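There are 4 protein chains.
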Amino acid sequence: MVVEHEILTRVRYADTDTMRVVYYANFLVWFESGRVELLRSKGIVYRDIEHLGIFIPVIEVQANYLAPARFDDELLVRTRLAKIGKTSMRFENEVYKLPSMELLCRGHTVHVVVGSDGKPMPVPDEIRAKLSS
Amino acid sequence: MVVEHEILTRVRYADTDTMRVVYYANFLVWFESGRVELLRSKGIVYRDIEHLGIFIPVIEVQANYLAPARFDDELLVRTRLAKIGKTSMRFENEVYKLPSMELLCRGHTVHVVVGSDGKPMPVPDEIRAKLSS
Amino acid sequence: MVVEHEILTRVRYADTDTMRVVYYANFLVWFESGRVELLRSKGIVYRDIEHLGIFIPVIEVQANYLAPARFDDELLVRTRLAKIGKTSMRFENEVYKLPSMELLCRGHTVHVVVGSDGKPMPVPDEIRAKLSS
Amino acid sequence: MVVEHEILTRVRYADTDTMRVVYYANFLVWFESGRVELLRSKGIVYRDIEHLGIFIPVIEVQANYLAPARFDDELLVRTRLAKIGKTSMRFENEVYKLPSMELLCRGHTVHVVVGSDGKPMPVPDEIRAKLSS
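If you read the sequences in order, they're chains C, G, B and L.
Just so we're aligned, residue 1 is where the first sequence starts under the working numbering, counting upward by one.
Just so we're aligned, residue 1 is where the second sequence starts under the working numbering, counting upward by one.
Just so we're aligned, residue 1 is where the third sequence starts under the working numbering, counting upward by one.
Just so we're aligned, residue 1 is where the fourth sequence starts under the working numbering, counting upward by one.
For reference, chain C alone in the conformation it holds in the complex (with noise of 0.2 angstroms):
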């Protein structure tokens, strides 16, 4: 079963440059609340999970920027749950723009799942359960 999720944000002054379009490390910052909202989705909340003690930081980012968003575009951020290991998950991420469709961006993010000491922990059975219904 695909686990995948879809967002829409708008393009912000703050997030253009001086080439008129979206800085490149701001899709980042989508791929975040893509990742953050797919997960919402399946009743995980990120901010409880670190309460919790465990956190899900990136290990690894690619992206392919295709096309420019500008000041003011709409987007459609969708994220997919691509897998599921031991220890680790991998992201995939599409960035379009509205109304068109167009495909801007393409990425993915590895993170791995550690506990309050910095260590790589197995992915808990609770999230991993969400994750997989």
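Be a bit skeptical, because a hint or two may be false.
To be verified - Dumping the calculated DSSO-like pairs for lysine-lysine here, alpha-carbon to alpha-carbon at most 30 angstroms: (1) L:LYS130 to L:LYS42; (2) L:LYS42 to G:LYS97; (3) G:LYS97 to B:LYS119; (4) B:LYS86 to B:LYS130.
It is worth saying that the hints were derived from the structure and are not from the lab.
Keep in mind the model is a prediction, meaning the values are calculated, not measured.
Got chain C sorted already, so can you dock chains G, B and L onto it with the hints?
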């Protein structure tokens, strides 16, 4: 005695926006660097203060923008400790463009000293002493 | 007649800092979103204005921080057009935490209308009319 | 001949997040500074290139995060021009923590040279010559 400090910085692409000038909020990040380096110049490492459970959050900021900064501009950020109260501190900042020393932005921040419990506490004597020397 | 508008936003990980609260400069980005959406609610699309060669840069910002915002908090940003002068506009903002409606931040921005040459110009009649209706 | 350049930077409060480490997207801003300064070291001022109507946007980024950077850490960012193609360039970056030279992050960006019309164009001979010298 006036406690004053100057740092140099350069405008990055990330700092700019669609108007091809620095986005207004990003001047506040330079104010931060100015404060941190002013404190360091007086022997106060802000990171070490936090390790003691003492925090100095911002409770007020004000800035006037007189002329734009653009990508790759070299800037001088001047920071002045304008006041130390019982539990608060006020820093004043000016941002100049180099080499002309055109004044681009002028502002200030007010801070309150708080403990780990988030409650205001007197400015520690050691900090007060270093800032008065 | 008071021109006022409210938007909702959610604190992202990217907005926060080592104190585990929203970094002070990031409230200014929400002020921007508040202004852009207030204008849109009155039929003014800021992007279209710029295509006409009219810009409305910030010349002053002020903000008071009353309580921290944290990751994943839902916020209400209220924006009010406080004044339209001959060549300037003043917006006032409040940021509230939901659902308690605790006031976290209060501030304002002052803007000047400029043409493509960067020189101040009167607020265009069409904009003035829409904001007064 | 390897074209390589190193810059120093310091982690600002603004760069960090609730995990008390640098937010993953902010490493990409250091990659930018690394590229801009590598070019400058070879006599190429990116701002001047843009004034000629030549732009070098990012079309791909990849980064691996090996260890966290924290507030006030001093970092060394090493940038290497890994390849110049007909219309593209590839830069590789490493971010090290000082003074230990612990490797924190490794990544690369791919860029395409475009004209004012946004269409790919060959890397100008003058740029190619400077980068090969």
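Against the structure, the hints:
{"no.": "1", "hint": "L:LYS130 to L:LYS42", "result": "holds (6 angstroms)"}
{"no.": "2", "hint": "L:LYS42 to G:LYS97", "result": "holds (24 angstroms)"}
{"no.": "3", "hint": "G:LYS97 to B:LYS119", "result": "holds (20 angstroms)"}
{"no.": "4", "hint": "B:LYS86 to B:LYS130", "result": "holds (15 angstroms)"}
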